[in-house]
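Given the structure of chain A, go ahead and fit chain B onto it with the hints provided.
As you go down the protein sequences, you meet chains A and B in turn. The first sequence begins at 419 in our numbering and counts up by one. The second sequence begins at 19 in our numbering and counts up by one.
The hints are simulated quantities; they were obtained by calculation from the structure and are not laboratory data. Note that CB positions come from ideal geometry on N, CA and C, so glycine has one too. Just so you know, nobody snuck in bad clues.
Reference listing, derived: stretches of chain A covered by chain B, where coverage requires no fewer than 3 residues with Cβ under 8 Å from a Cβ of chain B: (1) 428-441; (2) 518-527.
Cut-off 20 Å, straight-line C-alpha distance, at most; resulting in silico cross-link-like pairs (SDA-like, lysine to any residue): (3) B/K305 with A/R444; (4) B/K69 with B/L93; (5) B/K305 with B/L157; (6) B/K305 with B/M152; (7) B/K73 with B/A243; (8) B/K305 with A/V516; (9) B/K69 with B/G59; (10) B/K305 with A/R445; (11) B/K69 with B/G57; (12) B/K73 with B/L235; (13) B/K305 with A/R443; (14) B/K73 with B/A238.
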Amino acid sequence: MTGYVQSLDLACGALLVTAVVIVWRRRLSAIIRTFALQGTALAAIAAILAAHGHDPRLGAVAAGVLVLRAVALPWLLRRALGSGPDAGGRETRPLINVTASLLAVAALTMLAYAVSRPLTALDPSPAADAIPVGIAVTLSGFFVLVTRRRAVSQLAGFLLMDNGITATGFLTTADTGLLVELGVSLDVLLAVVVLRVLAGRMRDVFGDTDLDDLRELRD
Amino acid sequence: MSRLGIAGGVIQVLVVTGGAPVLTGVMRQVRARLEGRAGPGLRQPWSDLRKLLRKEPVTPAGTGELFRVAPLVLLATTVVVAGVSPFVTTASAIGPAADLFAVVALLAMGTATLALAAIDTGTAFGGMGASREMTIMALVEPTLLMSVFALSVRAGSTNLSAIVTAVVRDPARVASPAGLLAAVALILVTIAETGRLPVDNPATHLELTMVHEAMILEYAGPDLAVVELASSMRLTVFLGLLVTLFVPWGIAVTAAPLALAAGTAAFAAKVTICGAALAAGEVFMAKLRLFRVPELLGGSFLLALLAVAASVFLGAA
Numbered sequence: 419m420t421g422y423v424q425s426l427d428l429a430c431g432a433l434l435v436t437a438v439v440i441v442w443r444r445r446l447s448a449i450i451r452t453f454a455l456q457g458t459a460l461a462a463i464a465a466i467l468a469a470h471g472h473d474p475r476l477g478a479v480a481a482g483v484l485v486l487r488a489v490a491l492p493w494l495l496r497r498a499l500g501s502g503p504d505a506g507g508r509e510t511r512p513l514i515n516v517t518a519s520l521l522a523v524a525a526l527t528m529l530a531y532a533v534s535r536p537l538t539a540l541d542p543s544p545a546a547d548a549i550p551v552g553i554a555v556t557l558s559g560f561f562v563l564v565t566r567r568r569a570v571s572q573l574a575g576f577l578l579m580d581n582g583i584t585a586t587g588f589l590t591t592a593d594t595g596l597l598v599e600l601g602v603s604l605d606v607l608l609a610v611v612v613l614r615v616l617a618g619r620m621r622d623v624f625g626d627t628d629l630d631d632l633r634e635l636r637d
Numbered sequence: 019m020s021r022l023g024i025a026g027g028v029i030q031v032l033v034v035t036g037g038a039p040v041l042t043g044v045m046r047q048v049r050a051r052l053e054g055r056a057g058p059g060l061r062q063p064w065s066d067l068r069k070l071l072r073k074e075p076v077t078p079a080g081t082g083e084l085f086r087v088a089p090l091v092l093l094a095t096t097v098v099v100a101g102v103s104p105f106v107t108t109a110s111a112i113g114p115a116a117d118l119f120a121v122v123a124l125l126a127m128g129t130a131t132l133a134l135a136a137i138d139t140g141t142a143f144g145g146m147g148a149s150r151e152m153t154i155m156a157l158v159e160p161t162l163l164m165s166v167f168a169l170s171v172r173a174g175s176t177n178l179s180a181i182v183t184a185v186v187r188d189p190a191r192v193a194s195p196a197g198l199l200a201a202v203a204l205i206l207v208t209i210a211e212t213g214r215l216p217v218d219n220p221a222t223h224l225e226l227t228m229v230h231e232a233m234i235l236e237y238a239g240p241d242l243a244v245v246e247l248a249s250s251m252r253l254t255v256f257l258g259l260l261v262t263l264f265v266p267w268g269i270a271v272t273a274a275p276l277a278l279a280a281g282t283a284a285f286a287a288k289v290t291i292c293g294a295a296l297a298a299g300e301v302f303m304a305k306l307r308l309f310r311v312p313e314l315l316g317g318s319f320l321l322a323l324l325a326v327a328a329s330v331f332l333g334a335a
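Next up, chain A with everything else stripped away, as it sits in the complex (with noise of 0.2 Å):
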């Protein structure tokens, strides 16, 4: 029983850390690298799910959310970062200084604290306790998404609250069902992909990202 409580909660910490560390680097290699880390956290939690409630298709998802979000999608967003001169560049000027996101990214995780305080007290248990960790990771990529300029950082910022919602799915519910998860799983994988193709074209078309750059419409 603490073994489980205390795998648990290393896989929330290390959930709640790279996402930390996703507003905190700025080299969009390093975001991607960190992105696959926090897919086997993500991962993690949902294994040691299933190990606990002995649920063989959390286990089957479980295998599923690794292959996704630790393999396919970093590089799909590797690809979609290029092999042009800017490869693996700098998010150059993000809207909010480094330092304020982070402080930004504090005060939206103790938000997520506040928010979730009537649901963690409705079915006190280790997983029920882990839920703020989940809303404050949604939250934070939900952040990274409205402040950054390069379509890749924003697809980062996308994926990051993708993978929080997934992530409060899992400890709030003890069954979402195999079929909804692969639904959305599919969903994502979907949207990255058209994301990326958008991204690539982009590239092509004006030689840069930044979508500040495409707000005014020309002939």
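Relative to chain A, chain B alone:
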């Protein structure tokens, strides 16, 4: 005030004062060897201190009492922290002074006094160094408080002795998210506060980048010796806090001579290993741009805050 606390206090002051320059020597030697140099040897810092102490005291014209008192305040605060913190034994010589807030305030007082002395010299470098040091300190102190807080939540007390005793009784609690996050934050804080790479480079006097060296540029002779000794003792104290809070193995819980000897040996070994690892890491690191330092420290503050949050909310187990 117990026998264990008094014995520990006396041993700690002696070990930290005598061992701190040796630790500096070890770190320089490790660095030199990894860079392919022969290195000056482990006793060089003590020889330097002896040489400086024999020199005639000189103070720059126009400086006041503060300039002369600052090295002693720095040394005195560090000695008090070295005496009261639970390094060798779990008990403290002066219980209330081993409180988290008292220890952090004492360490901050030393830094602030040295910065005031640097401003007192009226030189451009002194002011620059002081302003940089204050920028770093403003971010370091809250992080330091937060990261130890994360451990104190479970111990139910902000007294360092109580925290260490709780960790000794239940070593598994360090391997929780709160413990790991707090450890990373405390390592970053230690590096920043003791002026090591990548925040400050202790080996150079380059105008554009120096922080600590700029503050003590006007000191010479015995005053410089006191500042140097206090600086290396601060490094030892920070590393000591790090190892006793997170890996308190071998710490003495009884006043038996054998237990005290084992505690002293364990403390010396752990701090030396930590210092050597820090020096080895520095070889592979470049100094961070000064404007990037707040980013690093902001990150470590966030980690410390998350550690506190995790210990409160995940800590039900």
